[in-house]
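Please construct the entire structure, taking both the sequences and the accompanying hints into account.
Quick note, the sequences are listed as chains A and B, same order.
For the first sequence, this note's numbering gives the first residue as 31, with consecutive numbering after it.
For the second sequence, this note's numbering gives the first residue as 31, with consecutive numbering after it.
Since the hints were made in silico from the structure, they are not lab data.
Any given hint could turn out to be false.
Repeated chains share a single entry, so a pair holds when one copy, or any two copies, can fit it.
[To be verified] List time: in silico DSS-like cross-link candidates among lysine-lysine, alpha-carbon distance up to 27 angstroms:
1. 164 with 70
2. 162 with 70
3. 320 with 235
Please read these numbers as outputs of a predicted model, since none were measured by experiment.
There are 2 protein chains.
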Amino acid sequence: FSANVSDDFETFYYNQTLDHFNYMPESYSTFQQKYVINSKYWDGANRSAPILAYLGAEAPLDGDLRIIGFLTDNAAEFKALLVYIEHRYYGESIPLGSSRKVALGNASTLGYFNSAQAIADYAEIIIYLKEKLKAQNSPVIVIGGSYGGMLASWFRLKYPHVAIGALASSAPILYFDDITPQDGYYSIVTNVFRETSETCYQTIKESWSTIDEVASKPDGLSVLSKTFKTCNPLNSVYVLKNYLVSMYGHAAQYNSPPKYPVTIVCGGIDGAPPETDILDKVFAGVVAYKGNSKCYVNALENISETTVGWRWQTCSELVIPMGITNNPMFQPSPFRLSDFTDWCRSLYGVPPRPHWVTTYYGGYDIKLVLNKFGSNIIFSNGLRDPYSSGGVLVNISESIVAVHTVNGRIFP
Amino acid sequence: FSANVSDDFETFYYNQTLDHFNYMPESYSTFQQKYVINSKYWDGANRSAPILAYLGAEAPLDGDLRIIGFLTDNAAEFKALLVYIEHRYYGESIPLGSSRKVALGNASTLGYFNSAQAIADYAEIIIYLKEKLKAQNSPVIVIGGSYGGMLASWFRLKYPHVAIGALASSAPILYFDDITPQDGYYSIVTNVFRETSETCYQTIKESWSTIDEVASKPDGLSVLSKTFKTCNPLNSVYVLKNYLVSMYGHAAQYNSPPKYPVTIVCGGIDGAPPETDILDKVFAGVVAYKGNSKCYVNALENISETTVGWRWQTCSELVIPMGITNNPMFQPSPFRLSDFTDWCRSLYGVPPRPHWVTTYYGGYDIKLVLNKFGSNIIFSNGLRDPYSSGGVLVNISESIVAVHTVNGRIFP
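This is how it looks when you write it as structure tokens:
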């Protein structure tokens, strides 16, 4: 993050309303919501030059400011103002006394943390900014990736008077309720591994029963702990298996140039000498992906804001029923709503609302519904991104279109 | 409400979520929301016969069931199912323990009482009903009048996946923020009176200074009390003037056949013998409109649910800046947001949010915005309805259209 880059950005804070949809006295509390402006390329309000509004997602905004390539390229081309807005409850945009600990303390304080409130925040800030800059005639395009891409498409649908268009990148807006089969994500993961290396795929496929076999022996967990150089002794085989499953998933999800993590994982697995034990091969894949480290698997990690925040979001509003029921590379691990609900309730005391996303934003029959309603949304997907299974991959109308690449993700 | 009519209606209650946009434990409370179904005309789910959903407004639903003509005529023609849904906090659909006194007690309990929550209620019930009736292929048209008409148009814009179209009758969706001039309503009232009777208009126009003159004399208020046969002695001239202003407004607003209240008021005023004193003429208008009664003006009335509920709605979300700054028939009485805010705060402890309606639903540049976004909304208005000043009176696109009649209101 070079000095030059940061010089172009100015940070501001907006006095944001805690609850847009309720009029209890507490709802009127405000918090300081962070937004960042880059006006280097803007041709100004007088020329009605456009505004590109990047909608922050499940992370502090600062990380997103580094995604400079795509946005600054476009800002330069369209002489646009760049506005980045942080999502409530992430980074510095913490309601309820500015302490993350308080704000994320329990369901009463977390209750205000959801996408409907977040896009209302964005609407308020964009309207305020256009007024402040006297830029009422500047068209606004909202832009986001992944969860931020969902927010961008939903923003265009709910606030068409605020944003004239949206670019929703890698946005799995159809991965809710039962629109997309629960196996969607991991079936793409499997395809990506298999296309990358048949032998790698075979090794992973066979590894699970070997892991189970070793684990079932007396002292098996400590053998596995040793094999995988775990940071702490394993107390359950599931810890190891979950680690590997999500590692494969992430490798596929971020399988973009120049690194191609799946190629790296498979390089480790396939690169081991032929006589290598199957678990050592898998471990070689871990080392290739994670790099040389003192230890692996169950480290006492600093849990990121994203992990903490996203857990709440998926346990309340954004229930993504992702599971494995029938997959050649993985053992079955189906998503069961009742188990998930119990788990969320044990964490937060309140259950998720698994049907709300489709009630509020739609998703079923999306082609039929949006063909005659709405306009100006680009859904972009990399077809090897496992989340593309829940994305919009076909053109819906003349101005609601899908673009995709075979490899990687288009954006960021 | 004849036995025959009521026989066609079946009443149900839906377990409704208290707060759709918040995940605090309290938000999960449910209440029994009333809805009524008439399936007499429906051709059934198998034939994908349509569903007409009447969106209840600021009154108990029972009153709306009497509006049978328009809806049953259409149900018969389209072989449609009729569904009437009561608005939260009216009639029997009272959250928080089913006691109106508790629910309307203070801002903490009233906080959940707003249009965004109400249309989310409607979405949930309609989705539930379609599932229950296996009527997923039946198109839903939402219908409403006045505030219910706003809800219908907003519903189509926010939940296009639930309703394929909307009929928004007499819906002043542009009477917010400063989109419509504050004088809009009373300038139409004046036009209607003037077109009905120039002499009536002149009498009303002149009456205000006469009222002020009498009031300014010693004992003037008791003279006015006597002249207007008030139910209780006037303690302020404003009570009388407000009564008359709102009587003229209502007469114009409901100036439909067969009664034409403005003609009735003016019949009283103009029908008085020529030598009659100006205040007696005005009083004759009151009597003509209100009928023979023991007393008039400041009775200790039972305040209706509509009055109580609407006062909260306009003091929180639906701030309609209606006033008189320059009108030949009335004395000036401008709308001042700061005074209104103070008044609301004194009533409820929280201020209104005057910009929220345009933030959430839009309204500015509505032609520009909706020309390329949205579809299937009919805005109907009677041009002599004073609220038509805040209505959509021009076609926006091929399928977002305005229809109007010169007289009266089209619906109900």
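Hints numbered earlier in the text: which of these fail when held up against the supplied structure? Result: no hint breaks.
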